[in-house]
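Going down the list, the protein sequences come from chains L and F. Numbered per our numbering, the first sequence finishes at 289, counting up by one with no gaps. Numbered per our numbering, the second sequence finishes at 252, counting up by one with no gaps.
A hint or two may mislead.
Stated by the list, open to error - Using C-beta positions, here's what the derived DEER-type ranges look like: (1) Ala211(L) to Asp153(F): 55 to 61 Å; (2) Gly247(F) to Thr190(L): 53 to 59 Å; (3) Asp153(F) to Leu219(L): 57 to 63 Å; (4) Ala229(F) to Ser92(L): 26 to 32 Å; (5) Trp135(L) to Gly247(F): 38 to 44 Å; (6) Ala104(F) to Val176(L): 22 to 28 Å; (7) Ala39(L) to Asp218(F): 55 to 61 Å; (8) Gly160(L) to Leu244(F): 49 to 55 Å.
Stated by the list, open to error - Sample of chain F residues lacking proximity to chain L, with all beta carbon distances greater than 10 Å (derived): (9) Val63; (10) Arg76; (11) Ala149; (12) Leu167; (13) Ala189; (14) Pro204; (15) Arg211.
The hints are simulated quantities; they were obtained by calculation from the structure and are not laboratory data. Computed from a predicted model, the values in this text were never measured in an experiment. Ideal Cβ positions, reconstructed from N, Cα and C, are used throughout, including at glycine.
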Amino acid sequence: MPLTTPPPTTSTDARPEADAETGLLRPRVAMVLGVATLAALTALAILGLAVAPPDAVQGDAQRLMYLHVPAAWLAYLAFAVTAGASALWLWSRTRAATWDRLAGASAELGVLFTALTLVLGSLWGRPVWGVWWAWDARLVTTAVLFFLYVGYLALRRIPGPGRERRSAIAALIAFVDVPVVHFSVEWWRTLHQQGTVFNEELSAEIEGTMAFTLWFAVLAFTLLYVYLLDRRYRLGALEEGMERRELDAAIAERLAEAPGRAVEAAARAAETARRRAEADVEPVGGAPR
Amino acid sequence: MPTASSARPVSAPPASDSPASSRPADRAGLGLLREAGLVAGKDIRIELRARVLVFQIVPFGVVVILLFAFALDPDRGQLGRVAPGLFWVAVLLATLLAVSRASAVEAANGARDGLRLSCLDPGGIFLGKAAAIAVELLALEAVLTAAIAVLYDIDLAGAPLLVVAALGATASLAATGTLAGALTAGLRARETLVPVLLLPVVVPVMLGATRAWEAALDNTPSEGWPWAALLGLFAVLYAAVGMLAYGPLLED
Chain L
1 MPLTTPPPTT STDARPEADA ETGLLRPRVA MVLGVATLAA LTALAILGLA VAPPDAVQGD
61 AQRLMYLHVP AAWLAYLAFA VTAGASALWL WSRTRAATWD RLAGASAELG VLFTALTLVL
121 GSLWGRPVWG VWWAWDARLV TTAVLFFLYV GYLALRRIPG PGRERRSAIA ALIAFVDVPV
181 VHFSVEWWRT LHQQGTVFNE ELSAEIEGTM AFTLWFAVLA FTLLYVYLLD RRYRLGALEE
241 GMERRELDAA IAERLAEAPG RAVEAAARAA ETARRRAEAD VEPVGGAPR
Chain F
1 MPTASSARPV SAPPASDSPA SSRPADRAGL GLLREAGLVA GKDIRIELRA RVLVFQIVPF
61 GVVVILLFAF ALDPDRGQLG RVAPGLFWVA VLLATLLAVS RASAVEAANG ARDGLRLSCL
121 DPGGIFLGKA AAIAVELLAL EAVLTAAIAV LYDIDLAGAP LLVVAALGAT ASLAATGTLA
181 GALTAGLRAR ETLVPVLLLP VVVPVMLGAT RAWEAALDNT PSEGWPWAAL LGLFAVLYAA
241 VGMLAYGPLL ED
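Could you put together the complete structure from these sequences and hints?
Now the structure itself:
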């Protein structure tokens, strides 16, 4: 498939069957990316555990930062991709099954990385702050973010006509809500208590090796995100293709039982089924008569 | 959405006596509010006849208020301190019922198709349905306010702030609730999906309404007014989002 590398393109739109066979990336590229991701994560483990020095104040617990920070960054990236893809699906000129699938794949990864962020942050908070959880604005926002997109995924799972449209609108609503939640929670906390551990931590100078490790971690996690996104997208495409093909096969089989009908009847039925499966592309709501 | 008149032959005179062709003229401006009023009137009329609010939702809210008293020991004066939070949690839970009721009304007897065929502006339909929920919630809040005043021994100080914050929060809950109802319309899993979708979205509403009421009851209203403003902004934001999204959702 002559699909160019990173950004997903609408070129799959022209050949509906083609995108069932490929992910976002060409298989060869995906494989190379997978190997590179594995290598980067291995290097990150060595850098984070052995090369970078322990923190002067927090000791070894600080090493969790090399996972926590990139996980948080990826969660935000993933949800931004979901929102962008949903908007592109909703805009009738760019509407394509690609965007819906991409939005779903990215949201799943976002939820995964948000959960990882919360768990890692909690593990880090226990030795450093002395508590598993604090009512810090950032923590609360992240928790709400998690539940917003859990709801989105729950809605996505419900099949039926209009699923893509519902999901896309829900994704945009969640995206609009995040800044409002963050703003209100921050306001709430600053009214009550001043200064959190975060400020103190962020203003601290980060030593060279540690900074490098952190940036490297962000890079490695971004690679991981792109790789997993491609895999999840491909899986989604294959699932849809399987459903479609099973229906086509069943219809063809049924028609073959009636010998009078020629093969072309079966082909016609299969074509109708396929078109119905892609009915979301059609504009809805003609003139009410 | 194409209007009814566009389906007519081009040669037909534009202003004929049929009611359908006069529609595009009053489409803009006031027409929207009038259409919202029609939809809200319909929902409130249904409510007045079926009395779901009076016989189910309000008793539910009062029972929740009672349950909080069992969960938190009433003798140690805790109830008075956390009353605003308990009140708004009770309202939020009742909102779930009101939303599910409002979409159940549209689910039966092909009422949704009827709405689509009515040629009303989807934005107007959204505003109407949200307004009907808001009216029901305000009635519920009046009862629950009386309930906490009596049961939790609350002195209702700072009435202007209480009312304004309640209006903002109610409009926010009604707008987001109507949107959640529209997102899940026609799905079998509707009852379980609405809470999962709605509750995280309304975190700012809970926060704002509770803080504003706390400030009002503490007689420090100056701390509460910014929260009331936040509630107003939230309501406007979600009314706008809902009006934009309702059309495509109705067409499913």
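Worksheet item: Can you name, in rising order, the numbers of the hints this structure does not satisfy?
Response: Per hint list: 2, 4, 8, 13, 14 and 15 violated.
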